[in-house]
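Protein chains in written order, with this note's numbering: chain A, 1 to 191; chain B, 1 to 191.
Note that these hints are calculated values from the structure, not bench results.
Don't take every hint at face value.
Intra- or inter-copy, both count: the list cannot distinguish identical chains.
Okay, derived cross-link-like pairs now, SDA-like style, lysine to any residue, Cα gap no bigger than 20 Å in a straight line [said to hold, decoys possible]: (1) LYS148 - ARG130; (2) LYS158 - LEU29; (3) LYS148 - GLN126; (4) LYS158 - TYR118; (5) LYS62 - ARG21; (6) LYS38 - ASP135; (7) LYS158 - GLY147.
Because the structure is a prediction, the values reported are computed rather than measured.
Protein chains: 2
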Amino acid sequence: MTINIKFYGYIATSLDGYIARPNGKLDWLNDAAPKDSKEDYGYRNFMASVDCVLMGRASFEKVASFPEWPYKDKRVFVLSRTMKDAPKDLEEYQIDFFSGAVERLAVELQTLGMRNVYVDGGITLQSFIRAEMLDEIIVTQIPVLIGKGLELFSDFQKDIKLELISSQSFDSGFVQSRYRFVAEKGRYFDE
Amino acid sequence: MTINIKFYGYIATSLDGYIARPNGKLDWLNDAAPKDSKEDYGYRNFMASVDCVLMGRASFEKVASFPEWPYKDKRVFVLSRTMKDAPKDLEEYQIDFFSGAVERLAVELQTLGMRNVYVDGGITLQSFIRAEMLDEIIVTQIPVLIGKGLELFSDFQKDIKLELISSQSFDSGFVQSRYRFVAEKGRYFDE
Numbered sequence: 001m002t003i004n005i006k007f008y009g010y011i012a013t014s015l016d017g018y019i020a021r022p023n024g025k026l027d028w029l030n031d032a033a034p035k036d037s038k039e040d041y042g043y044r045n046f047m048a049s050v051d052c053v054l055m056g057r058a059s060f061e062k063v064a065s066f067p068e069w070p071y072k073d074k075r076v077f078v079l080s081r082t083m084k085d086a087p088k089d090l091e092e093y094q095i096d097f098f099s100g101a102v103e104r105l106a107v108e109l110q111t112l113g114m115r116n117v118y119v120d121g122g123i124t125l126q127s128f129i130r131a132e133m134l135d136e137i138i139v140t141q142i143p144v145l146i147g148k149g150l151e152l153f154s155d156f157q158k159d160i161k162l163e164l165i166s167s168q169s170f171d172s173g174f175v176q177s178r179y180r181f182v183a184e185k186g187r188y189f190d191e
Numbered sequence: 001m002t003i004n005i006k007f008y009g010y011i012a013t014s015l016d017g018y019i020a021r022p023n024g025k026l027d028w029l030n031d032a033a034p035k036d037s038k039e040d041y042g043y044r045n046f047m048a049s050v051d052c053v054l055m056g057r058a059s060f061e062k063v064a065s066f067p068e069w070p071y072k073d074k075r076v077f078v079l080s081r082t083m084k085d086a087p088k089d090l091e092e093y094q095i096d097f098f099s100g101a102v103e104r105l106a107v108e109l110q111t112l113g114m115r116n117v118y119v120d121g122g123i124t125l126q127s128f129i130r131a132e133m134l135d136e137i138i139v140t141q142i143p144v145l146i147g148k149g150l151e152l153f154s155d156f157q158k159d160i161k162l163e164l165i166s167s168q169s170f171d172s173g174f175v176q177s178r179y180r181f182v183a184e185k186g187r188y189f190d191e
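Can you build the whole structure from these sequences, using the hints too?
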């Protein structure tokens, strides 16, 4: 069976590479995005290009606490060793839980007809990079240094080369760059 | 006395924010820059815009070990508590040593007629940011993750906001962004 699913990341970081403060807060990101801006930083187009969203349990619980479920039109897959069902108030949406290794998940997703998967959340992104399964990542850099926090990239054991697909800047000072992981899946680390 | 010197950084980092491997090596940077490229990433223009180069002792010793001294037309100031003289083979060039605090150095440089100063080296850049004295930084991001090393930005105690001046990408996949530190000198940290 050939796996031909593509996994995409779309995430914002501070200029010093953090996706959240040590306590998980995103106030620096919300403060930096102009309130009256029409710029959506390509998010709508990106979401239109994926079939489903994949996230870890921590991200799921955060999103589940929002007043409104943001993924009404998308299937959502949650990686969790313990959770098996969505909370009652989200029962009407398509949310599935998965507890296995990411390689098996890829097979599962393909069987379900998924082709383009949005991998959300820093920890999940890191585990996909480590498993050499992430295909592309869109990083939006916010012009602020926050000094400490949760890193997007951390401590890979080998170099990972990327190819820049495109880069653009916005009036807000955000710089968004889209990268492709260069090598074939399962072997993009340098030997 | 009003200090009206401007301090500029110009530096390359890996996409995960490192300026060198833990052992100081830059092989990942040299490997990423196409050998036959005419792109100089604005370095020549940048150098033409500064009066002098300021660096720490470690950077100085590295540069001094090169076959040829690269700063023939520029005054060079080296921050060092111990070194007072340039090695004999560099005696013909304008190299001065300074051991005081960066604030006093600014006064000294102004007295010497300097206006635009290139602050080189990660440690020295960090100390200028900490002292809230850096005016602008040009960061060139190389499309590779190296996993660990010397960080460009590390552990500031408060948020530091920046303003994007410009951003451009190159065929090599390098993304170069120029930022201005927003607030007045000596108080650009958020309260």
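Up to 20 Å CA-CA - ASP135 versus LYS38, copy category: neither (29 Å within a copy, 30 Å between copies)
Since the copies are identical, ignore which copy is meant and state whether LYS148 and GLN126 lie within 20 Å (CA to CA) inside a copy, between copies, both or neither. both (18 Å within a copy, 15 Å between copies)
Could you place LYS158 and GLY147 in one of the four classes (within, between, both, neither) given a Cα distance threshold of 20 Å? between (25 Å within a copy, 7 Å between copies)
Are the CA atoms of LYS148 and ARG130 at most 20 Å apart within a copy, between copies, both, or neither? Between copies only: 15 Å across chains, 22 Å inside a chain, cut-off 20 Å.
Is it within, between, both, or neither for LYS158 and LEU29, if the alpha carbons may be no more than 20 Å apart? between (30 Å within a copy, 15 Å between copies)
With 20 Å as the alpha-carbon cut-off, assign the pair LYS158 and TYR118 to within, between, both or neither. This pair counts as neither: shortest intra-copy Cα distance 24 Å, inter-copy 33 Å.
Using 20 Å as the alpha-carbon threshold, which applies to LYS62 and ARG21: within, between, both, or neither? within (15 Å within a copy, 36 Å between copies)
Comparing the model with each numbered hint stated earlier shows that hints 4, 6 do not hold.
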